[in-house]
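Asker: Residues per chain are reported as follows:
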Amino acid sequence: EAGVAQSPRYKIIEKRQSVAFWCNPISGHATLYWYQQILGQGPKLLIQFQNNGVVDDSQLPKDRFSAERLKGVDSTLKIQPAKLEDSAVYLCASSFFPFSPLHFGNGTRLTVT
Amino acid sequence: AQSVSQHNHHVILSEAASLELGCNYSYGGTVNLFWYVQYPGQHLQLLLKYFSGDPLVKGIKGFEAEFIKSKFSFNLRKPSVQWSDTAEYFCAVESNNNDMRFGAGTRLTVKP
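The listed protein sequences correspond, in order, to chains P and F.
In terms of our numbering, the first sequence is residues 1 to 113.
In terms of our numbering, the second sequence is residues 1 to 112.
Hints are computed from structural coordinates only; laboratory data are not their basis.
Computed from a prediction, not measured in an experiment: that's the story for all the values here.
All C-beta atoms, glycine included, are put in the ideal place defined by N, C-alpha and C.
Any given hint might turn out to be false.
As the list claims (entries may be wrong) - Here are the computed lysine-lysine pairs in the DSS-like style, where the Cα-Cα straight-line distance is at most 27 Å:
1. P/Lys62 <-> P/Lys44
2. F/Lys111 <-> P/Lys44
3. F/Lys71 <-> P/Lys44
4. F/Lys69 <-> P/Lys44
5. P/Lys71 <-> P/Lys44
6. P/Lys78 <-> P/Lys44
7. P/Lys15 <-> P/Lys71
8. F/Lys71 <-> F/Lys61
9. F/Lys58 <-> F/Lys78
Stated by the list, open to error - If you anchor each label on the Cβ, the simulated ranges turn out as follows:
10. F/Ser3 <-> P/Trp22: 27 to 35 Å
11. F/Gly53 <-> P/Gln17: 23 to 31 Å
12. F/Thr30 <-> P/Lys83: 35 to 43 Å
13. F/Thr30 <-> P/Ser66: 38 to 46 Å
14. P/Arg16 <-> F/Ser84: 21 to 29 Å
15. P/Gly3 <-> F/Phe51: 17 to 25 Å
16. F/Pro79 <-> P/Ser66: 45 to 53 Å
17. P/Arg64 <-> F/Ala16: 46 to 54 Å
18. F/Arg107 <-> P/Thr113: 46 to 54 Å
19. P/Val54 <-> F/Gly29: 18 to 26 Å
Using the sequences and the hints given, assemble the complete structure.
Answerer: Structure representation (structure tokens):
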């Protein structure tokens, strides 16, 4: 099966600019997650979707981060405006149903200068 | 909120040495437990999982983990490591609200 697709792989922006990441989960996976992984740390959940509804966004900095999954398939994560501390790898993961293992994409490495 | 602690930040072993990586979590309810591995230059992938039943679970590549409910622990073990096991290992805990949290990770370096 095709894996979780993410783009772009790398992005370099200046602080206060905006950026968007795209994720296409494995076909049929209803649950989609966005994680932020700062260098030296474990992945931190930003937002979780079940189909096109938000299950958990308690750790999403909503003043600057937004995410959507309009048709219950692919998803976009946006940061506007970016800060230096947003430099991280943004991981998308999907699972077939709740309580099943996650399948991760390769991530987008964001550098904010 | 639940949290996941991995005791070792970086572990260095010689080939054929035994491995044990610690993982403790704080959550009082029913949990599902996972170990994920990230090989250099690759994406995170599942190593093994525990949902219920036998607390000793076996995963890929000779890894196993033991769930000790009374200690809120899910330690990863391998009797004899290989150079190809060099990677970063993440413990993850999923609570019954489907909230998956990861530990900070343990970097394993195996010297040939």
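Asker: Each of the hints needs a verdict: does it hold here or not?
Answerer: Okay, the hints, checked on the actual structure:
| no. | hint | verdict |
| --- | --- | --- |
| 1 | P/Lys62 <-> P/Lys44 | holds (15 Å) |
| 2 | F/Lys111 <-> P/Lys44 | violated (30 Å) |
| 3 | F/Lys71 <-> P/Lys44 | holds (24 Å) |
| 4 | F/Lys69 <-> P/Lys44 | holds (24 Å) |
| 5 | P/Lys71 <-> P/Lys44 | holds (25 Å) |
| 6 | P/Lys78 <-> P/Lys44 | holds (16 Å) |
| 7 | P/Lys15 <-> P/Lys71 | violated (31 Å) |
| 8 | F/Lys71 <-> F/Lys61 | holds (26 Å) |
| 9 | F/Lys58 <-> F/Lys78 | holds (10 Å) |
| 10 | F/Ser3 <-> P/Trp22: 27 to 35 Å | holds (31 Å) |
| 11 | F/Gly53 <-> P/Gln17: 23 to 31 Å | violated (50 Å) |
| 12 | F/Thr30 <-> P/Lys83: 35 to 43 Å | holds (37 Å) |
| 13 | F/Thr30 <-> P/Ser66: 38 to 46 Å | violated (32 Å) |
| 14 | P/Arg16 <-> F/Ser84: 21 to 29 Å | violated (43 Å) |
| 15 | P/Gly3 <-> F/Phe51: 17 to 25 Å | holds (23 Å) |
| 16 | F/Pro79 <-> P/Ser66: 45 to 53 Å | holds (47 Å) |
| 17 | P/Arg64 <-> F/Ala16: 46 to 54 Å | holds (49 Å) |
| 18 | F/Arg107 <-> P/Thr113: 46 to 54 Å | violated (26 Å) |
| 19 | P/Val54 <-> F/Gly29: 18 to 26 Å | holds (22 Å) |
The structure shown violates the earlier hints numbered 2, 7, 11, 13, 14 and 18.
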